[in-house]
Amino acid sequence: MTESVTDQVPDGGNALAVEDLHKSFGPLEVLKGVSATAGEGDVLSIIGASGSGKSTMLRCVNLLETPSAGRIWVGGELIRMKNKGRKGLVPESARQVDRIRSTIGMVFQSFNLWTHMTVMQNLTEAPLHVLKLPKAEAYERAEALLERVGLTDKREHYPAHLSGGQQQRAAIARALAMEPQLMLFDEPTSALDPELVGEVLKVIRDIAEEGRTMIIVTHEMAFAREVSSKAIFLHDGRVEEEGPPSQVFGAPRSERCRQFLAAGEF
Amino acid sequence: MIELHGYGPLLVDGAWLTLRVALASVALGLVFGLVGATAKLSNFILLRGAATAYTAIVRGLPELLLLLIVFYGGSLLVQNIWHGLGGESYVEIKPFIAGTFTLAFVFGAYATEVFRGAILAVPKGQVEAAYAVGMGRLQMFRRVMLPQMWRFALPGLGNLWLVLLKDTSLISVVNLNELMYNTRAAAGKTHEPFKFFLAAAVIYLLFTIVSMVVLQYSERRARRGVRMG
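Keeping their order, the protein sequence lines are chains A and B. My numbering puts the first residue of the first sequence at 1, with every later residue one more than the last. My numbering puts the first residue of the second sequence at 1001, with every later residue one more than the last.
To be clear, the hints were calculated from the coordinates, so they are not data collected in a lab. Worth double-checking, as some hints may not be accurate.
Said to hold, decoys possible - Among chain B residues calculated to face chain A with C-beta under 8 Å, some are: (1) E1128; (2) M1135; (3) Q1139; (4) V1144; (5) R1220; (6) R1224; (7) V1226.
In this text, a Cβ means the ideal position worked out from N, Cα and C, and glycines have one as well.
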């Protein structure tokens, strides 16, 4: 197979496409050539054992990690990167990266709400200072989202005074306040006490149902199977199994994927 | 009331100048510190080297020596430039400028280390969340890093400020008529050194107490949103 030199988006990747993604941390190669696509409205879940590279893959999408090699398209636009030899790839234009990032909502495992701001300030910060929305509009958006995630009464609270589940719901609202084209969830429930997982999953399911494109890295298999339109099983930095959830979760072709699901040690 | 033989206003004038030198130095020194810390944490080896040299040299020299070097060296430099431009006569840089610059330089070197620690103490996730919504580096620094690093920097900076406040008295050596200089003048004229040095001590302590109140308030403000215990 010859390497393509066009910027043409791979088929089915009009929302997101990654092609032959590699990422090494020092001598450790975490991603060994991962390709994946998501169309508009797709919910793509990425599953796999710890260390399989699923979070790294997700973090490459908005360049919180710069891949060592490979190409990324977001909303059909190729992120321009140049090869700096030993340093791997480096984005050509910080402005392009900032702009693309502002169209991607990211939800972190550890919430990462800004601790010096109230919930309301967290939700209006980027709309006001990145999108430069008028104040009234930013606050209107924030109010509507807080109501949606059930946190209206917490608007003036600081994150430290909320439960984990509330913090994560606020963090999801913060991401949605940018009206992103694409939502990334990086193990959104892994840091939560078991009894708080449900309230967060409910909010994510709700967003999935409104047809938003999402990529979810998760250990919640039942949830992933239910909400996704597409699933990927990563093993040792490679895509080991991919297809509709009925296949990946129900009748995987790969022996490793079958073992992973059967073991239940997520 | 203690009899100051009409030298009260002289002390007040001196105190006012002391305050001005201290405030000017701390403002400039904070800039030096932020630049120094950023340089020390930078990926560029040249910047890191320059910042390390700066902190090593400044922290390794007595403040008084540094002041004299800046004052006489600075004057020499200005004079050479002045003569090079065809000027004559003797020129000297103002003690206020030499003093402010020296104290800011010293403050900046110590503040570099305080800021460096504070930047490293801000959790990485806070910064990543800022980048993830599309903030550029400068915006991230201003909106997220700066407000959060104060929490960690303020106690250390408070200490440095108190030291700086007292170090202003060194500038009396190059004839800046700040509090210490005026106190000595009054003490000499009246032959009542104890009384005047005591009066100066009271004024320095007053500055310190006010500083501590302001610092306490700022620390409480910087800690907003942090749950204690």
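Each hint tested on the structure:
Given the 8 Å rule on beta carbons, the hint for B:E1128 holds: about 6 Å separates it from the nearest Cβ of chain A. The restraint placing B:M1135 at the interface with chain A holds, with a minimum CB-CB distance near 6 Å, inside the 8 Å limit. Using the Cβ-Cβ criterion of 8 Å, the hint placing B:Q1139 at the interface with chain A is satisfied: the shortest such distance is roughly 7 Å. Against a cut-off of 8 Å between C-beta atoms, the interface hint on B:V1144 holds, since the closest Cβ of chain A lies about 6 Å away.
Of the supplied interface hints, the one on B:R1220 is violated, with its beta-carbon coming no nearer than about 13 Å to a beta-carbon of chain A, more than 8 Å. The restraint placing B:R1224 at the interface with chain A holds, with a minimum CB-CB distance near 6 Å, inside the 8 Å limit. For B:V1226, the suggested interface contact is upheld, since its CB lies about 6 Å from the closest CB of chain A, less than 8 Å.
In this structure, only the earlier hint numbered 5 is contradicted, and the remaining ones agree with it.
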